[in-house]
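**Q** Take a look at the letters that make up each chain.
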Amino acid sequence: MFTFLELHPPALVVFVLIVAFIMPTVAHFKRKLCGPVACVALLFALAGSIHFAQIASVGRVISYAAGGWEAPFGIEILINPLSGFMLLTISFVTLAILIYSVSSLESEIPPNAIGWYYTVFLLLVASMMGMAMTNDMFNMYVFIEVTGISACALVLSKNTKLATEASFKYLLLATVGSGFVLFGITLTYLVTGHLNITFIAAEFTSIIPQYPFLSWTILSFFLVGFGIKSALFPLHVWLPDAHSSAPTTSSAVLSGLVVKAYIVALIKFYFIMFGFELLNEIYFRHLILIMASAAIIGGSLFAFVQLNLKRRLAYSSVAGIGYIFLGIGLGGATGLAAGILHIFNHAVMKACLFMAAGAIYRQTGHKQVNTLQGIAYEMPITMGAFSIAALSMVGLPLFSGFITKWHLALGSIEAGMPLFVGLIVLSGLLNASYFFPVIWQAFFDIDAHKPRTFSLDKIPVSMSVSMILLALAVLYFGISPEIPLSLAMKAAGMLLQ
Amino acid sequence: MDITERIVQNYPYFVSIVLFCIGIYTILSRSNLMKKIIGINIMGNAIFLLLIAAANIRGGIAPIVPHGGELPEGVYYVNPLPAALVLTGIVVSLSVTAFALSIVVKLYEHFGTIESHEILEIRSLD
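Each protein sequence line maps, in turn, to chains A and B. Just so we're aligned, residue 0 is where the first sequence starts under numbering that gives the first Met the number 0, counting upward by one. Just so we're aligned, residue 0 is where the second sequence starts under numbering that gives the first Met the number 0, counting upward by one.
No lab work stands behind these hints: they were computed from the structure. Fair warning: there could be bad hints in the mix.
Taking lysine-lysine and the DSBU-like style, the derived pairs with C-alpha atoms no more than 30 angstroms apart in a straight line are [what the hints assert, rightly or not]:
#1 K105/B x K160/A
#2 K105/B x K168/A
#3 K366/A x K160/A
Hey, can you work out the whole structure from these sequences and the hints?
**A** Structure, rendered in structure tokens:
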């Protein structure tokens, strides 16, 4: 299997796509079987992704010409450290979410929609994998659109008033975003005559001094387009509604992965095509840093005032996006690697938090954060996983969130901007201010007159299993971060060449 | 070359940029969801126009190599790749439009209106 995958890397995407369209058939015969089949398929995809990540981590790059057409004319698929890292993140986190979905979906979406839900979910996974792999701009655009539509469908699947309204807003803004991206791609193609990112990069070295204004225009189009799609701070208006009104599994995958897939596309475009020196020269880097700082502070403040738990988590995602953009703006080897590493860490933490929120709602029906007194005695597994992920969001040592914050701080010192160390500490305090009250209430705010007894969660096994899996991942990658960190370092080194 | 002549010669580019702005303005300013979807389409078509206009050569021929393999002197063929890209883009924008329209139908079932400010009012009452 692995030799075949090495020869044909897109087979991974095609495999997930085929399984996606088998799902309605499976649902037709036995609806209960859909979840397990999707899980097994993604287990294979995870094995393939781990293999690709291993290949990338020893410094081998696989280049594949789709349809046998060589690079400048055909579509090129590249397996390099960045795509290996992203494939690993996508398949690991979506596998955990799918394990959760096996028993959680029935209570959240209409039963006859379950087969199609898995279709859309796997379509999303496949298109994100495609975005990670491809080295061709127009191919990237097509995958961006597939991701956008299937992400909207995941929100819509809940079929409530709020979800429908949120998904329309999401679709509208996502389409505007991809319009801007397509304009940028068009201008790039017109000025270079290539669609392959490597060839554009070679062409741009002579074009940027010749047409400076045009290249700045292209940069701005990409920033606005991907900024809308990845919810960079002033352009984040669609995110809280969409992420809080969607079914739990959709919220987890949207907040954990979809917004980051767009950031990876932006990183590819910016760092490979234009190079970091240009961003620094024309103050684009400073613009990104300002927006990222605003995202970190603003997202945390907005999260602080939300009483709905899922909305609070959604706004906290805005802050998480800010960290990744902070890493991009810092731009040094350490800073960029920290930003890329945060893609993985934030995906794991945020998926775990959203799934815990979904489990709390399922067992107790509570949505508001001020109704969770003593809930840890009723659902210790859920609240344990929630606390681990929340402490990691705050950035305490021994949790994976600490690793990224530590490297971001190192990166800001390396880039000669020690101000951002203060920002990171401040944001840690802000995160604590909206996560600690939840944990405090759950564990320690107990009615003294009512003796509490300890009882295990009354949620299905698969939901607990996936939350435990992600919580353990947070702990494991907090204590020994070598695997993702070395890949992220390699990716940053490749991008800054 | 003087500036008016340049504008007149390159008018498709200006038209496409004006259309792009009209599309975004429609999306942002109109309250009717149908008009917002029309805005999306105007915006998308502006980009397709830019691609097609830039690829076209006045008097160019179809990209088919004649017998003998050589084009006559002074005859150019039109780059076929942008046409293929636009075709893909049209398919994408068609599917986005279809999906958006189906969401509008759902919104109408839930709220009884397709005006976005009325939907906001109903939402704030809940």
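**Q** Evaluate each hint against the coordinates.
**A** Now for the hints, and whether the structure bears them out:
1. K105/B x K160/A: Satisfied, since the Cα-Cα distance of roughly 9 angstroms is no more than 30 angstroms.
2. K105/B x K168/A: holds, 13 angstroms
3. K366/A x K160/A: holds, 17 angstroms
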